[in-house]
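A.B. asks: If you want the building blocks of each chain, they are given just below.
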Amino acid sequence: MLTYVLFALVVGSIYALLAQSLMLSWGLAGLVNLGLAGFFALGAYASATSTTWGHVPVPVGIALAVVAAAAAGFVVCVSTLRLRDDYLAIVTLGFAEVVRIVASNEVWLTGGTDGISGVPVLVPRSAGLGFHAGTLAIVAVAVAIVYALQRRLLLSPWGRALRAIREDQIVAAVAGKSVVRFKAEAFCLACAIAGLAGALYGHYTSYVAPDQFQPLVSIYIFLAVTAGGKARPAGPVVGAYALVAFLEATRFAGELIPGVSPVQAAALREILVGLGLLVVLGLRPEGLLPERSQKAPAP
Amino acid sequence: MEIVLQALANGIVSGSLLAVPALGFSAIFAVLRYPNFAIGSLATVGAYAAWSANTAFGAPVLVAIGAGAAVAGLTGIALEAVALDRLGRGGPLMKAIGSLAAAMILENVVRFGFGNDLHAFDLPLARDVMVGPVRVGPQQLAGLAVALAVMAAVWAFLSLTSLGRSMRAVADNPDLARLKGVSPRLVSLVTVFVGAALCGIGGTLVGLDASLDPLVGGRILLSVFAAAVVGGLDSIPGAVAGAFLIGIAEEFTVLALAPAYRLAVSFAVIFLVLSFRPAGILGRAAR
Chain A
556 MLTYVLFALV VGSIYALLAQ SLMLSWGLAG LVNLGLAGFF ALGAYASATS TTWGHVPVPV
616 GIALAVVAAA AAGFVVCVST LRLRDDYLAI VTLGFAEVVR IVASNEVWLT GGTDGISGVP
676 VLVPRSAGLG FHAGTLAIVA VAVAIVYALQ RRLLLSPWGR ALRAIREDQI VAAVAGKSVV
736 RFKAEAFCLA CAIAGLAGAL YGHYTSYVAP DQFQPLVSIY IFLAVTAGGK ARPAGPVVGA
796 YALVAFLEAT RFAGELIPGV SPVQAAALRE ILVGLGLLVV LGLRPEGLLP ERSQKAPAP
Chain B
541 MEIVLQALAN GIVSGSLLAV PALGFSAIFA VLRYPNFAIG SLATVGAYAA WSANTAFGAP
601 VLVAIGAGAA VAGLTGIALE AVALDRLGRG GPLMKAIGSL AAAMILENVV RFGFGNDLHA
661 FDLPLARDVM VGPVRVGPQQ LAGLAVALAV MAAVWAFLSL TSLGRSMRAV ADNPDLARLK
721 GVSPRLVSLV TVFVGAALCG IGGTLVGLDA SLDPLVGGRI LLSVFAAAVV GGLDSIPGAV
781 AGAFLIGIAE EFTVLALAPA YRLAVSFAVI FLVLSFRPAG ILGRAAR
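First to last, the sequence lines map onto chains A and B.
FYI, the numbering for the first sequence is 556 to 854, going by this note's numbering.
FYI, the numbering for the second sequence is 541 to 827, going by this note's numbering.
Possibly wrong hints are sitting among the right ones.
Distance windows between CB atoms, simulated [what the hints assert, rightly or not]:
hint : chain 1 : residue 1 : chain 2 : residue 2 : range
1    : B       : A798      : A       : A808      : 39 to 47 Å
2    : B       : H659      : A       : H610      : 55 to 63 Å
3    : B       : H659      : A       : L830      : 47 to 55 Å
4    : A       : P712      : B       : R725      : 42 to 50 Å
5    : B       : H659      : A       : T805      : 25 to 33 Å
6    : B       : G630      : A       : V726      : 15 to 23 Å
7    : A       : T805      : B       : I821      : 45 to 53 Å
A few chain A residues facing chain B, derived, Cβ under 8 Å [to be verified]:
hint : residue
8    : D640
9    : I656
10   : S672
11   : E825
12   : L833
13   : G837
14   : P840
Source of the hints: derived by calculation from the structure; they are not laboratory data.
Every residue, glycine too, gets a C-beta built ideally from N, C-alpha and C.
Only chain B is shown next, with the shape it has when bound in the complex (with noise of 0.2 Å):
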């Protein structure tokens, strides 16, 4: 019983953390209408920005993590300007394409940088906590409370500024968000910005967790893409449930077959998704 509760606790605080990520990639797919897969080396470069910050300059936590989010978000409106942009003439799957080559020069640009070492976050030690029989880390509690408030910062966004109604607009009708005089460039080079920083902030609280090497976020990239599909790819609270989901299923194959097998569960699940309900949970019909 108390592994099970472990196990329970232990999902959903790395479903918090994918949560983050996977906000990111849906709202990314939402407005542009293309499945990033950049989205595990933005998070690469998030994290390693935020590690640079706090153990070169010696920014607190918080910092960091917003110096994280900052350059992933400009790092992706780079990319998307750059190369992405001009490739969508040729249709979504020219882009996604043309993100996976992205994403090999940022995770080798931080290895040319950083080198293939681990690297670990400036942290003060601290014990773990009892909750009644579960034990967690004041670490892993941070993550939850960070990922929460960054959730919650988003649908903010998203439901109370002028920007992020335009966003959802845009995702909903882009015909008549333009009609109603929304400049989809504009929304679209904000969403990737907010999409990007979202991932940083996800690779960012990842190396927090563990440490960091250049593939901690192509690590998340197959969870990160299996909540997303349980959500229904292009639905934001869809994204949130899928990444608990994810994360929870994950800490539970753990229990039964070897740790490595956890990706196995995101691909089985995003098969078993498409095949059987490809509108996920709370997505629009996939066709």
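Bound-form chain A, shown alone (with noise of 0.2 Å):
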């Protein structure tokens, strides 16, 4: 039962971190990263292939992961960001499906389907709960971290100016910003985020496959997110928890009703999160926690 709590609390740290990945784009510099999912799986592969195939120090991985994911973000983001900010959302889209296709179709360089096993883990397994414990520490203190950065960030002129854009380009622009290296240097960070998840992910769960990466995350985290409110720090976190615990519920509450097939339960699960996003974004869409509206630095 502990081991499944732990299990349960590192998934949400992941998906934390995650979530601040969207906060960051889309909560402060208003990019809609539809592809997370995409990203998320960029540094997964990037780590695991390096480390299991390349044996590489799993820390070296780790920064291979965060460099990929960013790049990639780089290359994805920069034809559209002169363009009204949907067409990010469809490039994004259309990215979370092409690696997932490449991560299914090269065999020699991810394992196809099978997916690569045996990857590395971050504490010794034969540590019995201590793994989980260990792990978690890990990814926890990577949560705690990115959540220092951002909160900085947000007080910085940086994230002054990232907001400003968000509200108004045009006035941002006329006031002298670059409109698009801001965005650009958001949306890079956001991806770096994504793909540090993606390799921790892989280095607790020692395997990597296509199947964990379907679009649905983007959508957990859309909604981890939305509800957690996403332009604070502690927003994407809280809301990143809450989710994985409402997951975790629902897959017990499906067994209880009767004449369900395991099927359906994952549909009315999935129906359940997507009624949640709408219902979110519907009434509240500043989430638990609103942004704060700062007051102007003195002069």
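Given two chains presented individually in distinct reference frames, assemble the corresponding complex, making use of the accompanying hints.
C.D. replies: Listed below in structure tokens is the structure:
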């Protein structure tokens, strides 16, 4: 039972990192990343292949994952940042799909649909409970570091410029801010966080396969971020743990409803997640923790 | 040479099937100014409605297609009225995200009702026809004919009826249209109905060509986006031209790469068009 709780907490912390990524791109910069699952996958694969087959140390693999996801983020966003914001949504959705196709078909690079097993873990499995607790500690530290950085960023001139751009890019441009550059920086940084989440996930489950990175994951994270509050550093973290609690609770609830097959129970769960997102977006788009308005800095 | 002609023929057929939902997507984008990510699931809903009409009630295929269009159209209106319309206040991106959530709901409602198994329409078996060196299934020809007829009907609706002309007026300049007494709400709802119905027809045609599962519409989503992006997103003739281009490009990819890479072509096309010519072949400036 304790193992199960620790497992749920690790998954919750990984989702928290993904939610922090989305908070940075969507909440602060207004850039919708519908391909979050693709960057998550890219990070997982970059670290899993380089450590399992390339035998580089795990920290190097994680660093590679962060760099790869940021670089992919740059390529994906650079052509559409000058256009209407919904173009980026379409491109990112396509990107996640392509990552999954490549992961399923390029067997020499990714192991295909069988995936990669035997990915090195962060804490030896022989430690039993310590394996889960140790991994949880490492992932939680990552969440805390990102949280601290985001708090810092929000108060910095960079964070203010970003929010100014989100509210009105023409005014921001007139004020001398390079709109495209700020957006690209925010998007790449956000993708790097998603890549970090992917790498940590692969080193926890010790197994990486295309099925783990369904588009569904992106929608889960949108629900977590909208519910928690998308423009406050604490919002996505609270939202992610709440989401995992909800997902785990419904997992058991599905078994209790009589006459519902496992496929139907899974479908019901996804329907609830979709409905949840629509309801939160419609009734309380600012989430549980709304954005704080900041005082103008003293001259 | 035969291989190339065969790929071209297949591309024209699959392009015509893509053109129908692409028209629907572009119409909604042109009038309501948001990308609707639910079009794939609306196609699935239409396809299952048509399949139920065909297999459970024994409706002939053309009647079944009509039933699929009607159910998809009404589902689209229900989504817009209940959920998406109110999200519009937060901007087009909110509606886009809301439509993605709606897509997930619809897909899983279908999964809940019909399961993950493959289903096929009740069709008479027929032999393939040889046109010169090219082999074409009668089902493909029928799909092509229906798709072309639907495109002609859409064209007639947009240019000959007053409702169709109002739609074009709102797409062109909403403020001017309102001054002229066109009700934007009515036009929006009609557009959503027509657009979603077109998606339903597209999903049914794809289902007739192969088989049905809850992802039948979701699988063509990216290709439909690519067709619309090539056409310029809000251009009706552009969407048709884009669909044929994407259909043919996908079939030629299958000659060179694994069939799974079809969708990668769509992504590559979206990426290149937005990088170098965001207005597409027939769209307005995209900024």
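A.B. asks: It remains to establish, for every hint, whether it holds in the given structure.
C.D. replies: Quick rundown of the hints versus the structure:
1. B:A798 x A:A808: 39 to 47 Å: holds (40 Å)
2. B:H659 x A:H610: 55 to 63 Å: Cβ of B:H659 to Cβ of A:H610: about 48 Å, so the range 55 to 63 Å is violated.
3. B:H659 x A:L830: 47 to 55 Å: violated (26 Å)
4. A:P712 x B:R725: 42 to 50 Å: holds (44 Å)
5. B:H659 x A:T805: 25 to 33 Å: Holds, since B:H659 and A:T805 (Cβ atoms, about 28 Å apart) stay within the stated range.
6. B:G630 x A:V726: 15 to 23 Å: holds (19 Å)
7. A:T805 x B:I821: 45 to 53 Å: Distance hint for A:T805, B:I821 holds at roughly 46 Å.
8. D640: Constraint on A:D640 satisfied, holds at 6 Å.
9. I656: holds (5 Å)
10. S672: Violated - the Cβ of A:S672 stays beyond 8 Å from chain B, reaching only about 22 Å at its closest.
11. E825: holds (4 Å)
12. L833: Given a least distance of 5 Å, the restraint on A:L833 holds.
13. G837: holds (5 Å)
14. P840: Interface hint status for A:P840: holds (6 Å vs cutoff 8 Å).
Violated hints, listed in ascending order, are 2, 3, 10; each of the other numbered hints is respected by the structure.
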